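Chains S and Y, in that order, give the protein sequences. Using this note's numbering, count along the first sequence one by one with no gaps and you end on 253. Using this note's numbering, count along the second sequence one by one with no gaps and you end on 392.
Calculated from the structure, these hints are not laboratory results. Since the structure is predicted, the reported quantities are computational estimates derived from the model, not experimental observations. Careful: at least some of the hints might be erroneous.
To be verified - Beta-carbon label-pair distances, calculated as ranges:
1. S:Ser170 x Y:Ser252: 34 to 42 Å
2. S:Ala197 x Y:Leu27: 52 to 60 Å
3. S:Gly132 x Y:Ser252: 34 to 42 Å
Virtual Cβ for every residue (Gly too), placed ideally from N, Cα, C.
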Amino acid sequence: MIEAKGLVKRFGAVTAVREVTFRAEDGRITGLLGPNGAGKSTTLRILSTVLQPTSGGAWIDEVSVADDPLETRKRIGVLPHGAGIYPHLTGRENIEYFGELHGLGRTERRRRAAELVSLLEMSEFADRSAKGYSQGERLKTALARALIHDPRNVLLDEPTNGLDVMAVRSLRSLLTGLRAEGRCILFSSHVMQEVAALCDDVVVIAAGTVVARGTPDELRGLAARSDLEDAFVQLVGSESSANDERIAGGERR
Amino acid sequence: MNPILTVMRKEVRESLRDRRSFFASILFGPVLVPAMFALIIALTMRHDIAQTDAPLEVAVSHFDRAPNLMARLSEHNVILIRTQLDDAGAREAVRTGRFKAVLLIPPAYGQQIRSGAPAPLRLYADSSDVSAQRDTSRVRLLLAQYGSTLARLRLMARGVDPLLLDAVAVEDVDVATPADRSLVVLGALTLLIVLTMLMAGLHLAIDATAGERERGSLEPLLTVPVRREQLVYGKLLAACAFMLLSLSLTISALAIVLHFAGLERLGMTVNLGPASVLASAACCAPLAPLGAAFMTIVAAYTRTYREAQTYVGLTLLVPTLPLMFVGIMGLKPTAWLMLIPSLGQHFLVTRILRAEPIPPLHLLLSFGMTLALGVLLMWVAGRLYRRESLLG
């Protein structure tokens, strides 16, 4: 379970995250939806302990992210935006290296890596130097690396960026599989269709502020639009008019 | 497994696989530096041995105005080339490199010689042309000798003892031992060793920050349950391992080259047996953590790998500064100077090559200070890895 309460993050004079509060439940896929520069990546970076919030707090399985980053990191698997891998190692070595950093023993990390290689259908390239990997192969490696320690919470920042249809499909089935195992999955995207197809809950962020929360259906109703994309534009575009009541009305909690 | 060792092992493995940068960082120094060194020594020796007695070419304008002088020069193995150059022509000929030296004999020469007044001679040479200096100074010496002989003959003709001209008799006593003299050649040695050692760690030092960031692997790395300092320490240790490997390879290769270079023929000896090779390497080793941490810190403040390469490349000059300073000031090793990293090592290695005893205090100060600074900078590098701006 991932929880954010009143997150604020400033970089000098720039406020990247103004007010972000939401909750991502176990066994559900929660989408963080917003235009470019809305503060999605910054929010995910705070949740993954890479950045410290200026104020507010975040909890992973009730562990405070700011107070106990090491414990937090054990509970999360993170796929950052544009995640890179080490080109001179093979895919499998990349995965096992992170297993070792997570404190897994040799046999344990070998076993887990083999599992992930077959789950993600990587056996064709997993033992080749990662230098010549395609975008999709790199993403699979980075994903397997994020899952090596069997985390209960999975954070993905724009995972479908630059992937072809086939790769997006296999990613989707992987995420639904992870959901079926009762994990908490939080992923960010600026693609409406993506979110509509996959998410149980959606958190809409614009200009560093959560402007709406709910299921895809609720959001459509909220903006009185049948199309989620229209609803999104409506919600994001009207954030300046400070229509707090309307947002509160659509809240699930 | 300690995460520091995990990181170190992975960095070493990855660097060994990256063949191009491995060759650049590890083999470049040990192969190229001794080769360069051997070449310089070989050229110096050829220069020294070959040129003292070699025939020397001088262009002479108006040869017939000074037949006796010409005969004298010919006796001393000077090949005289007859020309009819005027002042402008002589300048031009030297500047364009057609002749290294042109001797112009003015019309008044014969008259002045006969009347016992100073006879004018004009020697055109290019003092910025290093290769011509030896030749022109030889010509100058021969001319002076000729003048002095004439003067003595004149005194004798007037019944004056020519010894009156020698009011003092100076005798040069060179107290430099052969080992001292070789130090002139070997002065650059520590510099080269330190430079190649730093270069071996450069790639890894940059990779720890700018490299990881540019590849997009920094952020995932920061989400593993390992303290950020430990990640840096692992990378620094890997860099140190490569630097020490390069150090021992460079020094061994140099020892072999110097052994066969035949410095003795130049009247130089250098103490480079296996023991002194080991001692020299050991004296330079404390510089590894300091250098690795310093380069990592510099790289942490850059935005891209390319930028990091530029700035870290410039920091390679830093250890050369104290050496240049000492060279210019002609400083002798004192306890205080041993506290300066790279300078202390320079003095220690110099002492070892001279086979001189090393005061234990000097050894202690150099090792202690360099290592302490290294640990301090490693700590700073670890702190920097915790900054959020590291992500760029």
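Consistency of the hints with the structure:
no. : hint                            : verdict
1   : S:Ser170 x Y:Ser252: 34 to 42 Å : 54 Å, violated
2   : S:Ala197 x Y:Leu27: 52 to 60 Å  : 54 Å, holds
3   : S:Gly132 x Y:Ser252: 34 to 42 Å : 37 Å, holds
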